[in-house]
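Here the protein sequences line up with chains A and B, keeping their order. For the first sequence, my numbering assigns the number 1 to the initial residue and increments by one for each residue that follows. For the second sequence, my numbering assigns the number 1001 to the initial residue and increments by one for each residue that follows.
Calculated from the structure, these hints are not laboratory results. Note that the Cβ used here is the ideal one computed from N, Cα and C, for glycine as well. Mixed in with the good hints, there may be bad ones.
[What the hints assert, rightly or not] If you want the footprint, here are the derived chain A segments under chain B, 3+ residues with CB under 8 angstroms: (1) 476-485; (2) 546-552; (3) 564-570.
[To be verified] With beta-carbon atoms standing in for the labels, derived distance ranges: (4) Ala444(A) to Ala1226(B): 50 to 56 angstroms; (5) Ser322(A) to Pro1347(B): 30 to 36 angstroms; (6) Ser322(A) to Arg1309(B): 50 to 56 angstroms; (7) Ala1224(B) to Ser475(A): 21 to 27 angstroms.
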Amino acid sequence: MTTSLDLFCEQSAEKPVASLREQNGETDGTEVAACLFREPFDAIVIGGGCNGTGTARDLALRGVRVLLVEKSTWGAGTTGASSGMIHGGLRYLEYDREVTRKSCLDSGYIQKIASHLLFRIPFIMPVLRTDPHPDRTLALVETFFEAYDKFQPLKNGKPHTRLSRDEVLALEPGLTADVYGAVTMDEWGIDPFRLCVANAISAMESGAVVRNHTEVTGFIVEAGRVVGVRLEDTIDHRIGEARARVVVNTTGPWGMRTAALARTGAERAVRMRPGKGIHLVLDRRLSDYAVLATTLDARAVFVMPHENSSTIGTTDDDFFGSPDRIDVLEDEVEYLLEAVGRVFPSASGARITYAFAGLRPTIFEFRKIEDKLTRDHRIVDHEVAGGPAGLVSMIGGKLAAYRLMSEELADLVAEKIGVAAPCRTAELPLPGGEREIDVDALVAGRTIPLAAAGRAVYRHGTRVADVLGAAASESRVGIVACACEGVLEAEVRYGCRKEGVRTLPDLARHTRLGLGACQGARCAARAADVLEEEGALVGAPSSSAALREFFVWRWREMSAVLAGAQLAEAELWRWIGAASTRGDNES
Amino acid sequence: MKADVAVIGGGVAGTVAALRARAAGRQVVVLSAGWGASALTSGCVGLAHQAICGPSRTGREAVTALLRTSSAHPYNLVPGVTNALSEAIRFFRAGPASPPLRGASPDDLPLLLADDRGGLRLADLAAESHARGDLRKSHATIGVVDPIGLSWFQAHSVAKGLSRSLAAACSAGVISAAPNVAVVGLDYFRRQSDSLTTATDSARLLDVEGAAARFSAAIGEALALAPVDLLLFPPLIGVDATDAILDRIEAENKVVCAEMVGTSPGPSGLRFQRALEAMLAHAGVPIIRARVSAAPDDCVAALSGGRTRTLARLACGDGAAPKNVEARAFVLASGRYIGGGVEGTRPWAEGVLGFPIAARGEFLERESSAALTRDDPFEAQSLFAAGVRVDAELRPLARDRRPLYANVFAAGDLLAGHDGVVDGSAMGVALLTGHLAGRNAAAI
Ligand SMILES: Cc1cc2nc3c(=O)[nH]c(=O)nc-3n(C[C@H](O)[C@H](O)[C@H](O)COP(=O)(O)OP(=O)(O)OC[C@H]3O[C@@H](n4cnc5c(N)ncnc54)[C@H](O)[C@@H]3O)c2cc1C
Ligand SMILES: Cc1cc2nc3c(=O)[nH]c(=O)nc-3n(C[C@H](O)[C@H](O)[C@H](O)COP(=O)(O)OP(=O)(O)OC[C@H]3O[C@@H](n4cnc5c(N)ncnc54)[C@H](O)[C@@H]3O)c2cc1C
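Just chain B, with the same shape it has in the complex:
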């Protein structure tokens, strides 16, 4: 198998890298062992963490603040990072098929969205189904849908939480008035409820032919009892036809409809991942389902440093006779632990070529995971900022702090120095570094 650029990893970072290299006219192939973290997200993108009830900042301002506090963050690799981010986002949103993200530019205030526990969430970009529910727009009454019979969603506590959250946001001056929050009982799922234990199961029901019409009618009945300006659903509006279903409900019931952002994996992540794959297909980038490993002589651990080489190929597929993938340039976008880019074995190593893994600014040897953790799981954890270190071109470094290969680049969760749970930049990093890695790989 031959290509100009081979991208390892089919998540958001790998997809953007592949699209960017393809846009430069290269033959590109994506090799993916399966779905990674990207398929588990809500599809909301933050560029950097912002406190919801803190000062109102644009994405650009939040990124600047992050740069001031975190010198190891991958944003520091890129001069003029906010412009580079804008460009990456512009590129992604202008992409083929239907890019899965809508929303503001880094120069706007982020969208203010409700999550499915009644908390608030800021997002610089979000899926259309979420973005429709921007709470910065004023609403007199918000309805939280209570899909009767679905045990996984507790509308009353969500509504209570949301009401509390909105009141806090209002007193912090984030929104000018706190809307009323009502629960809107929806009798649609009752009969099937036994088997609908997850949001994804429930969502699939609405993709069935004729379901949208019945669903919309049921909503009409519910709204007749309790009129609202904005109707918020748990994330269950189909897996395939979400936006079309929402359009229909809105048109037939004259109400704005949106999904709340899922706090645990569900249909939104599936849609996001599928949209990424649709973009690749549209751009003519094949996705090959296979696990990739180093060809026998090419493992970083086996090579001494000192000289920069060119990687010619990777081995593709398990089993007795792995095929070779030859390319002029390679992009590693293999994620962290979920994606599989960083192996949990000792000594610590990157999964394909064996690049050393860095955390706390140093390369790891055989450290225990526990040594890289802190008591509070939601504080910054070195364990969850571990990854490969790269030079300014995004080429992974060997232990001598030099890139071993001139034509291998890395992007996304695989990079060291960012802990998305704390710094709120995981998807931003994936978009930015995927874009740059794709551009650099295309230039080889």
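Here chain A stands alone, though its shape is the one from the complex:
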């Protein structure tokens, strides 16, 4: 293999490896890419999770010339495996109210800049009759939430309420008959993938070069200083390099591995103790409220409605393997079902369609646990932390605080490169979040199913008109590509053209296509054809191969939790998958 800049840029002549780049009126992708790669950037941001995309956006808005690279697609790491809650730092309340205040304030900012992506999650915290002192427990819980109420206005949250047994059963009839009473609490949720996509697009529109499926495979180190990165396209394996004054390592749980690529021992400054967490996805919506439950080891877990499904989460266990392969274990599944089943009995008998797992990039620290703030995130300037210069890393960094953390990190980078422009991310809306869209007006007089239009508006906000414009023709504008999750075919095409979708798993993450009850059995084959038509399958030998990759990916998340009626579903899914991927005449 040769390291060649030109090789790497050549591909844009073919078709959109980095389709994101082509937006913003850049007509000739080749030229732009070539010159940007030849001339050094101010900053290279590695990692397309909430922190990488957030930092890239922040820097780009300050006028910094940024390259953002992600080896998979936007949000595909920890961010997409999170519970997606933009919470207000409830758990800091006991230790440091200032942190709670800041968290709530920032949650308020995120609501303002991404209003289309946020949804309210009302929680019910039930107390059971089996509790030795149910009255006392309820009073305690209530006092705690009373304290939180003071901060709720900052994030447009509602104060808690206390519910009697009858009241809470009327709200959620699926709760156990053992319920004694409950307290409600209000948080916000977000589609974490869409948040990352929106940040990446915003960065691009502010002049950044953004590429998914581009992995940093090494650093260019000169005289003890990181001056650039080596890159590889993870689909067609072309390689290249890019240089910058500062390289930013926002690779979440990969952080140590990334730092180690510098071969200078930099990883010692970003030690982590990754905490694995899993979620289970059920085939239907069981409740209207998120319901909290307590595990055998006294942790809080939840069952939460999400789109047409329910999500149960989550666990927290030490993990020592590779972040690229996190398997869900049977006892983790049982642990969650046991806890949730006690407060919400039908959850434990429900059909689990799949499970997903992620790693919390927790800072390595055994010290005082009450010091929650330092536990949550740290920004490391390697120049002052044992070298090398030119590299900064973030460890930790919650989704809910991503904007604030990104700002902090961008401040450091800006200072290093001498840019004085202030941060603008607290006020400037993300693409799509500029104003509210009236769904009814959007579909009026057109053949677009209302439910799917609603989903498109949720995911794209004000950009929905462009999304619909991507339909093959006005007569096809209402064609639904995924019935389980309400994804329009136009959205599939838009993803290919504007969001860098190059594989079916990208598409599933960006749009939820194929993540519903049938796990793509009904829609993936057609979606693969659309990707091929759009020229998105660069590097994949055929749409059958792309389809096969999708089924292998879904199988990994399905096979750990197959039981009961889901076995029949999986058997059917596999027959359909086999028949539709056989395609190109295996020999």
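Assemble chain B with the ligands onto chain A, guided by the hints.
What follows is chain B with the ligands alone, placed relative to chain A:
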């Protein structure tokens, strides 16, 4: 309720078993909780997997090759399995009413068919509507119908895929020349298209009175613009009157017409299942819609092994007062997970009598499904080859590896040792073992 032979399961295995026992003069009843896997298939039967671009083999040769590589496969239970398969197929195709399958014998090369994604498919037997489109016959130009307005079928990518597939088959020497593939736009569904989200919805439209004539006329107009020798439709030519509609179109338009094989469940499976039921009705075998379970004392789990017993009855129907079904012999043809024969609960057990479930050559206890899987879903998976083990008479085995009942037989997807997605023999196994189980049950 009383019968000579009670068959549990109304899929292809149960139907063949019932017909075979009936042919031996027995009173037979089929008990079925509902439709299973058989109603979801395309109705194409392979006897064993064959690579499309591999060497040209007959069904018999493919079965022999499968036997060499898979010692746990149910085909191994039957000495001279290829002859037994031929006999089972002959029996089925000579059956009453109109047997749903046409095609070759195991001594011929399988039919070469197009599927509805533009891939190729080999089938030893196929429904008439598919079999008409055998691509081994030479065609200069094949037309892929583009039913304008139906979003579920993308004719252009199918045609592109088919053209690619045929070129590959041609260079592998499977066919002598690769035909041209053209798209033939058909303006028939446009006005109704809003509600036609599945192939089955669309197919039902053509069963309506007068529809076939209009449809045929629309095809005439389309062909005037683009003449072809073979016209391939997505599987939407009616649910009830498919062959009649095809006959009409062929006669009126002087072109061979066939359906592509569906890659996901659709009208073909419904037709196949209905044809099975028509055969049973014609043979005088009643189908009783009910879930069957063991009568209280008869569950395998509750009985110790060591002695072979005779099963007298099963309980039929849920609710407070289940009826008993008494019979001299019983055939379990209750399928795997889709059919409901293997329950997904732990410990693993067969659903009616509680026979132990085997996978990887051993009986399962409480293993997780994940422990029986591999990373690639389309590789052989123990999970999808799990089922009951049987002796050479097809009697299910208890944990002591002996049959607990002398008069209970098993057939079809319920049997351990075959993974149809990989070995391509699922329907072959159902036909063969259904036939043998029916014969054995009749002999009790
Ligand atoms: C189970 C679970 C539940 C959680 N729930 C919540 C919650 O409800 N609310 C909340 O606020 N926080 C939650 N968190 C925490 C939160 O998800 C993370 O702290 C946050 O997403 C970290 O984001 P990140 O951008 O730093 O890392 P990531 O999202 O992991 O992003 C890093 C990216 O870097 C990429 N990458 C890695 N190596 C390379 C390379 N060499 N080249 C290019 N790219 C590379 C990866 O593919 C990845 O996409 C949860 C975490 C877990 C595990
Ligand atoms: C989408 C799909 C595509 C397929 N494609 C092919 C293919 O191309 N080629 C191929 O060879 N095979 C294919 N197969 C596999 C093939 O369909 C099966 O192998 C075959 O149909 C099995 O038939 P069976 O009679 O054993 O079981 P089923 O058809 O599943 O029948 C089981 C019957 O048992 C009944 N039953 C179960 N438990 C009870 C009970 N307790 N009481 C009463 N009744 C009960 C059910 O109600 C049902 O009627 C496919 C399967 C699927 C799902």
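Here is what the structure says about each hint:
Only residues whose beta carbon comes within less than 8 angstroms of a beta carbon in chain B count, and the segment 476-485 of chain A has 4; three or more means the coverage holds. With 3 residues having a beta carbon nearer than 8 angstroms to a beta carbon of chain B, the segment 546-552 of chain A meets the requirement of three or more and the stated coverage holds. Three residues within the 8 angstroms Cβ limit are the bar, and the segment 564-570 of chain A against chain B gives 6, so the coverage statement holds. Taking 50 to 56 angstroms as the suggested C-beta distance range, the pair Ala444(A) and Ala1226(B) does not conform, at roughly 39 angstroms.
For Ser322(A) and Pro1347(B), the hinted distance range of 30 to 36 angstroms is satisfied, since their beta carbons lie about 34 angstroms from each other. Separated by about 54 angstroms at the C-beta atoms, Ser322(A) and Arg1309(B) satisfy the suggested range of 50 to 56 angstroms. Under the hint 21 to 27 angstroms, the C-beta atoms of Ala1224(B) and Ser475(A), about 24 angstroms apart, fit the expected range.
Violation of the numbered hints given earlier is confined to hint 4; every other hint is satisfied by the structure.
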